[in-house]
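Residues per chain, in single letters:
Number of protein chains: 2
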Amino acid sequence: MYSQEIESLLKSKKIKVGDKILVSKGKSTYSGILMPRIELGDTSSLVLKLDNGYNIGVKFEKDTKIRLSQKGKPIRFKPAEMTARKDPNKPTVSILGCGGTIGARVEYTTGAVFPAFSPGDLIASFPELGDIANIKGKKLFDILSEDMTPEHWKVVAKEVVKEIESGVDGIVLMHGTDTLHFTAAALSFMLKDLPVPVILVGAQRSSDRGSSDNLPNLVSAVVAAARSDIAEVMVCMHANMSDNFCYLHQGTKVRKLHTSRRDAFQSVNVLPYAKISYPEKKIEMLRTDYRKRDKKTVKIDDKFNTNVALIYTYPGIKPEFIQSLRTFEGVVIAGTGLGHFPTNPTNDSFTKSVLLAVKNLIDSNIPVVIAPQTIHGRLNLNVYETGRRMEKVGVIGNECDWTPETALIKLMFVLGHTKDMNKVREMMTTNISGEVSERTEVL
Amino acid sequence: MYSQEIESLLKSKKIKVGDKILVSKGKSTYSGILMPRIELGDTSSLVLKLDNGYNIGVKFEKDTKIRLSQKGKPIRFKPAEMTARKDPNKPTVSILGCGGTIGARVEYTTGAVFPAFSPGDLIASFPELGDIANIKGKKLFDILSEDMTPEHWKVVAKEVVKEIESGVDGIVLMHGTDTLHFTAAALSFMLKDLPVPVILVGAQRSSDRGSSDNLPNLVSAVVAAARSDIAEVMVCMHANMSDNFCYLHQGTKVRKLHTSRRDAFQSVNVLPYAKISYPEKKIEMLRTDYRKRDKKTVKIDDKFNTNVALIYTYPGIKPEFIQSLRTFEGVVIAGTGLGHFPTNPTNDSFTKSVLLAVKNLIDSNIPVVIAPQTIHGRLNLNVYETGRRMEKVGVIGNECDWTPETALIKLMFVLGHTKDMNKVREMMTTNISGEVSERTEVL
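If you read the protein sequences in the order shown, they are chains A and B. Here the first sequence stands for residues 1 to 443, where the numbers follow the working numbering. Here the second sequence stands for residues 1 to 443, where the numbers follow the working numbering.
Among the hints, erroneous ones may be present.
Since the list gives no way to pick out one identical chain from another, each pair is judged satisfied if it fits inside one copy or across any two copies.
[What the hints assert, rightly or not] Calculated pairs, BS3-like style, for lysine-lysine (alpha carbon to alpha carbon, straight line, at most 30 Å):
1) Lys318 / Lys359
2) Lys419 / Lys352
3) Lys73 / Lys281
4) Lys59 / Lys49
5) Lys352 / Lys318
6) Lys65 / Lys162
By construction, these hints were calculated from the structure, which means they are not laboratory data. Given the structure is predicted, the values throughout are model-derived calculations rather than measurements.
Could you put the whole structure together from the sequences, leaning on the hints where they help?
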């Protein structure tokens, strides 16, 4: 229900949810189908579905005028936990909500965005999801993804397994974009023998904005979850600046690379698995090296040791800073160029060099893993003297092409299983979920 | 001079430096002009200039055969510190060597690359530089750039000023690529009222490889230093995978974004200033917002406080990690998404949250500056509740679009001038060298 003021006005004009209306306010006029108020949404903001399929919120104020333009079919509000009527000829997709902008309503008072849009709301708002698949929806929690922790990853993994065991054909996870790639990497390591697609999806722009990417991203994710043959943890997001397709990125090889653009997520050192064209809903495969759907039983392995630090080196970095990391059980250093940190004993005598500080960590049984701070490309400690010095003291990761973030999550995962330096080294340098590509694609 | 063995063989075949020769070894045959041995180079490796202009080194071994194919003009070895004969109709460019791959010889014994190729060697090896300008050369030091420190920046700045005061028309700095963008940002802040171009140039591939980018990068840098009107600190590097042009990047807005590709350097959030086509040596301007050449006297301001930490946040980051940074006088946090770190008091009670740890740093007069770990895009703390919480505790950098690395160098520079939190805030948010763009270019 909207506010009493709006409901009386609607009643007096004989306007019902589902009708096409014109809303004018100041110099602007909006034309669209009146939608049910979103769950927990501002009661004094009208939600309109525009002709292009986007929903917008229009704050009802003194000068706001509403006019009926065309009678429509009634739309019923759906509860947050819901199961749509099941069509036996359609695949079933489970949408799990973890918060973030894709499920966000706008707090019109402050103009800020809060996460509070449940999967049920989305199905009510975007009925076309029901054309693609039978949709199940469940809100797991409601946080901005910068507040996600490894504990949340475990909750998500368990719920994914529960849904898979219930027999669904694919899972879509609505997630904030800030740390979406961290969660994607974590789930990639945690979920073994995945029989169906598990697709993380977010939105860079909230649903109150005409340019919101929530609809194309969500529809593409549901299409991929329902129909694609790729039984992997993936990220489905806008591929470019327009609305014509999304990419399906490999969970361990994707990174957020822009603060605000809708195509912020990019595959690093590999091609995306596939392109989902929108609104055609076609899947075009770009790779063949993926796990296919099967009937296996998914297994969960959620042992993480989160006492791991990630740092990026820089000129002037102090050996004391490295030494101070001895309270951690593992360290990832994102090095410069091919993976370097300063090793020159003539700069600061070896007794107080960064190299010695790293050696001391390793000698204290704290693995030090390297990653490229250039983000793109492969590490190589064989080219320069620096690299060979680093190899000598025992850093892990030479010739890997993981992102710093994937290296971090993997080290957390590996240290959840062993603290033996040799076993850590072996696990780190053995692929668990395609996190190191066999060769670097030149894109 | 090459090794005695090679010199006697050359003598017996009447081959002199400058002649075109064929060198066969195993199944390979190389055709090129015999070049003087590079300074400090391996005496048993023949240096050949190929038809495409690239120099390669061929290790002389038992099965190596040499044959004269065409007599040429003699090439004289030029000493490392040299001034070519001055042509009064040509501009004068000073090339200063700071080490790195662009000036690297290959240690053939180990296959590793050491920095040991002086500007004098380069002029001898690439005589076409002399067609562009009168060339002065000087080696400042010879290190791999991962070992550069703020102390090296000061040496470079002083030498640049000395060269400018001697009346040259442009400066080229040969520099390793690992930290080239850090040095470019540092010089951008240190050099005031720059009257001529100062151009950092590197090579991603060493001169022994056919695909080395040292020649096109160096020639383009010298072209820009001699002829362009842009009196800024810039980076000149390969623009794409082929050899047809380089970009001139703004010193505060460029970052290394690939471990090994020749086009690893990319402008972030702005267009490059210009394109230098190679081998046409034409300058095509892409921007108009730059400082023009003038007759001003360059000033140097080299006060840095290097007791500054840079960290990137991640899920599970511990408040204790932030607290441990209290030994620094300034901290840069590269946040997720629009610049966030975890602020949710319900995750870990506020008394031990990351937000409180940051507040404690700021309350202890340690400025905390934010930057985007997405690398690209602009920070915005006004969109989400997280951002507003961060603003409230006093983080610096909202709405800036600097890279984490430029934010770090700027904070080092600002803290070299003041420790007063209000003045730090004011200096950080006031452009010194275009480090924050007025608006984000959608590229």
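List in ascending order the numbers of the hints, as given earlier, that are violated by the structure. Number 6 - this is the single hint that the structure violates.
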